[in-house]
Amino acid sequence: MKGTTSAAARGLCSCHVCRLVSRKSRFSEPAHCPRCGATLHFRKPGSLQRCWALVIASYILYIPANTLVMMETGSLLTYRRDTIVSGVAHLWKTGSWLIAVIVFIASVAIPLLKLFSLTLLLFSVQRRSASRPRQRTRLYRMVELVGRWSMLDIYVVTLLAALVQLGSMATVKAGPAAVAFGSVVVLTMFATMEFDPRLIWDPLQKEEFHD
Amino acid sequence: MTEEPEKYRDDIPDAVSEPKRRFSIQLVWIIPIVAALVGLVIGAKAFINRGQTITITFKTGEGLEAGKTKLKYKDVTIGEVKSIAISDDRSHVVVTAEVSRDAKGLMVNDTRFWVVRARISGGNVSGLSTLLGGSYIGLEAGASKEPREDFTGLESPPAVLMDVPGRQFVLRAADVGSLDTGSPVFYRRMQVGQVTSTELDREGKGVTIKAFIRAPYDRFVKANAYFWHASGIDMTLNTSGVKINTESMVSVLLGGISFQAPDGKIEAPQAPPNTSFALFATRDDAVKNSALVEPFLLVFKESVRGLAVGAPVDLRGVTVGEVTGINVMPDPKRSDFTVQVQIQFYPEHLLGQSRDTLQVKSQQARTEELRGLLNDLVAHGFRAQIKSGSLLTGQLYVSLDFVPVARPARIDWNSAPPRFPTVPGSMEKLQKNLVELIQRIEKLPLEQIAGDAGKTIRSLDTTLKSADRLLNSVDKAVPEARSVLVEARQAIEDAKKTLAEARKTLGGASDVLSADAPAQVDLRDTLREVSRAAQSLRVLGDYLEQHPESLLRGKKEEK
Chain A
1 MKGTTSAAAR GLCSCHVCRL VSRKSRFSEP AHCPRCGATL HFRKPGSLQR CWALVIASYI
61 LYIPANTLVM METGSLLTYR RDTIVSGVAH LWKTGSWLIA VIVFIASVAI PLLKLFSLTL
121 LLFSVQRRSA SRPRQRTRLY RMVELVGRWS MLDIYVVTLL AALVQLGSMA TVKAGPAAVA
181 FGSVVVLTMF ATMEFDPRLI WDPLQKEEFH D
Chain B
1001 MTEEPEKYRD DIPDAVSEPK RRFSIQLVWI IPIVAALVGL VIGAKAFINR GQTITITFKT
1061 GEGLEAGKTK LKYKDVTIGE VKSIAISDDR SHVVVTAEVS RDAKGLMVND TRFWVVRARI
1121 SGGNVSGLST LLGGSYIGLE AGASKEPRED FTGLESPPAV LMDVPGRQFV LRAADVGSLD
1181 TGSPVFYRRM QVGQVTSTEL DREGKGVTIK AFIRAPYDRF VKANAYFWHA SGIDMTLNTS
1241 GVKINTESMV SVLLGGISFQ APDGKIEAPQ APPNTSFALF ATRDDAVKNS ALVEPFLLVF
1301 KESVRGLAVG APVDLRGVTV GEVTGINVMP DPKRSDFTVQ VQIQFYPEHL LGQSRDTLQV
1361 KSQQARTEEL RGLLNDLVAH GFRAQIKSGS LLTGQLYVSL DFVPVARPAR IDWNSAPPRF
1421 PTVPGSMEKL QKNLVELIQR IEKLPLEQIA GDAGKTIRSL DTTLKSADRL LNSVDKAVPE
1481 ARSVLVEARQ AIEDAKKTLA EARKTLGGAS DVLSADAPAQ VDLRDTLREV SRAAQSLRVL
1541 GDYLEQHPES LLRGKKEEK
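As you go down the protein sequences, you meet chains A and B in turn. Taking this note's numbering, the leading residue of the first sequence gets 1, the next gets one more, and so forth. Taking this note's numbering, the leading residue of the second sequence gets 1001, the next gets one more, and so forth.
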């Protein structure tokens, strides 16, 4: 990008706490804000590392979230133990196609897409890729936006488990997958937070600011 | 570069430098490590707890659903059907099921599986819960230690579970009757067990029934016990009349088996499990056949009409056997027919209770003893004969007894079955006597007798006629005498009447003659009136004398 520069390129650094802009030597030792005393960073410290850690944790937890039992529903006649996928299949089979699609998108597709997107962003940042930074930033914004909405399954399970407690007539219990799934969602949200989108643009300056 | 940033450059304070810290590893990596650990633990747990996959073969997949049908042991879910496939030869279905780890120990060699469905059979209703919850696969844990993965499912639930204490016995019968798996087994009409299976023999000549007797009742199954069909109503018509024998109403409706050991002093040992017993059609059969059986052949020359197969062999009123077959055979030597009656003789009845040592004696020794006994008896005139049991029904039976004047005979042990000496039956004797009587009657000079009788009758006739005449003359004399007598009686009665009237007349006379008799009083009154009339007449005469004109003018009024 011609005619643009970043604050970091000018040796300017904004305090994370009081937002005071101060001059900081680019490769010098760590410094703190002259006004509030908070440690100054050009970029979020350890952003990539943290993001990676959370993404990997999410990947790991994504497996039990989909293989373990999400919800146990017991009624007078039947007793079901559903994983997310079997629940979707059941909904699809019983004719609730729309709900099946919604649950599938919210609970299977979106978390996975989020994880893939973050992985892509992390890879591209690490490889200092300069291609299509605008699209990648848009992708980041979408990931951030959509993050909180994939708790749909958890909401359903927690609401049902709290409401449907009719003894032997009908019970709904949350399975271990609910915890794993919730963790996946929370961890990806944290990962998104940890990711510093400015890193997408830094390769254009051919400079490295993250420390 | 614009002016403005330069302008503000001086306003921007310098950051305060710090001594450089050593680079430390980010704490955030704990999160994926923890996640990985948790994942590993879950995975390891799942791996350790992973179920065993077993296959069960059923004839039909009715009520089974992959992913839904459960495996239940004592009504506790221990697994789930994963898939249902048709076997390669398409003859049955192969159910693949996953069993939880806890239940792995149940999958042993003799574990049995069956599909629990709602069933109504043998007088009981089971599996009603499956109407709502769907069928499931029930199983019964085997006792074996050898693990197994392929099973063949039972088509129906086992009637008796293995862990129920008791013993199973094998019964052999000619036909299965109304028995079915689950049919009750009775001991003194109390249900003590169940039929566990019924199957046709390989040769198809009989059926093998397995019956399970629950503890503690299984100890009543003695080595000498006998079993019989308690199914339905056993009605027999024989020489002793109509006999109806039934068990409890349940068994009448559903069928069942009864068993009993012979009552006696001797306590037979308990039968070991899977002992084979014969299953008899009726209790009587069982009682009869439970004893030692000795077949005999009886040859008669008389008609055995009325003797049926099953007719009793009687020894002074005690049934000691029965007729098993009746054949008529031409006798080539004498151009006659002989009737061969086969009987089954139960010598235990004959030996009675004096057999304390019989149980320990071998079959051979017992047979020998019996033969010796029978030979002795026959030497003393022990014979078989056919007798009439009931004149009403005309049924015959075979009687064994001593015959006073029997020709010497002995049992022919060499023929098969041994031939027992017979004497003609009482009916035949009677017939023979009758025939002789008739023959004798035929021989009598009936015509001569008839002629003599005619003469006698004729002379008798004349005698009677003369007697008749005499009587007639007597008859004629008799009415006259009777009329005389009648007249005499009338005369006497008249005289009696006359006398009575005379007595009455005399009474009347005496009444009249008495002083206060009304006639006397009246007479007196009359006389008084008459004298008064005479007086008036006199007065009239006097007046007329004085007043004669008064006759014309009337009496003059006195002024």
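Careful: at least some of the hints might be erroneous.
Unchecked claim - With a straight-line cut-off of 20 Å between C-alpha atoms, the simulated EDC-like cross-links for lysine to aspartate or glutamate are:
1. B:Lys-1082 x A:Glu-144
2. A:Lys-93 x B:Glu-1436
3. B:Lys-1070 x A:Asp-82
4. B:Lys-1556 x B:Glu-1545
5. B:Lys-1068 x A:Glu-144
6. B:Lys-1059 x B:Asp-1102
7. B:Lys-1072 x A:Glu-72
8. B:Lys-1068 x A:Glu-72
9. B:Lys-1301 x B:Glu-1436
10. B:Lys-1082 x A:Glu-72
11. B:Lys-1301 x B:Asp-1401
12. B:Lys-1104 x B:Asp-1075
13. A:Lys-173 x A:Glu-144
14. B:Lys-1072 x B:Glu-1098
15. B:Lys-1070 x B:Asp-1089
16. B:Lys-1070 x A:Glu-144
17. B:Lys-1333 x B:Glu-1294
For the record, the hints were derived by calculation from the structure and aren't laboratory data.
So, going through the hints one by one against the coordinates:
Using a Cα cut-off of 20 Å, the hinted pair Lys-1082 (chain B) and Glu-144 (chain A) is violated, with the two alpha carbons roughly 41 Å apart. Note on Lys-93 (chain A) and Glu-1436 (chain B): the hinted pairing is violated, with a Cα-Cα distance of about 102 Å set against a maximum of 20 Å. For the hint linking Lys-1070 (chain B) to Asp-82 (chain A), the alpha-carbon distance of about 15 Å falls within 20 Å, and the restraint holds. For the proposed pair Lys-1556 (chain B) and Glu-1545 (chain B), the alpha carbon gap of about 14 Å is at most 20 Å, so the pair holds.
Taking the CA atoms of Lys-1068 (chain B) and Glu-144 (chain A), the gap is near 40 Å; set against the 20 Å cutoff, the hint is violated. A C-alpha spacing of about 28 Å is found between Lys-1059 (chain B) and Asp-1102 (chain B), which places the hinted pair above 20 Å, so the restraint is violated. Using a Cα cut-off of 20 Å, the hinted pair Lys-1072 (chain B) and Glu-72 (chain A) holds, with the two alpha carbons roughly 19 Å apart. With a C-alpha separation of about 14 Å, the suggested pairing of Lys-1068 (chain B) with Glu-72 (chain A) holds against the 20 Å cut-off.
Between Lys-1301 (chain B) and Glu-1436 (chain B) the alpha-carbon distance is near 18 Å, which keeps this suggested pair within the 20 Å criterion. For the proposed pair Lys-1082 (chain B) and Glu-72 (chain A), the alpha carbon gap of about 18 Å is at most 20 Å, so the pair holds. This hinted pair checks out: Lys-1301 (chain B) and Asp-1401 (chain B) have alpha carbons roughly 19 Å apart, not beyond 20 Å. Distance check on the hinted pair: Lys-1104 (chain B) and Asp-1075 (chain B) sit about 16 Å apart at the alpha-carbon level, within 20 Å; holds.
Under the criterion of a C-alpha separation no larger than 20 Å, the hint pairing Lys-173 (chain A) with Glu-144 (chain A) is inconsistent with the structure, at around 30 Å. A distance of roughly 12 Å separates the Cα atoms of Lys-1072 (chain B) and Glu-1098 (chain B); the hinted pair therefore holds under the 20 Å criterion. In summary, the hint linking Lys-1070 (chain B) to Asp-1089 (chain B) is not supported, as the alpha carbons are separated by about 26 Å, beyond the 20 Å threshold. A distance of roughly 44 Å separates the Cα atoms of Lys-1070 (chain B) and Glu-144 (chain A); the hinted pair therefore is violated under the 20 Å criterion.
Annotation: proposed proximity of Lys-1333 (chain B) to Glu-1294 (chain B) is violated, straight-line Cα distance about 29 Å (limit 20 Å).
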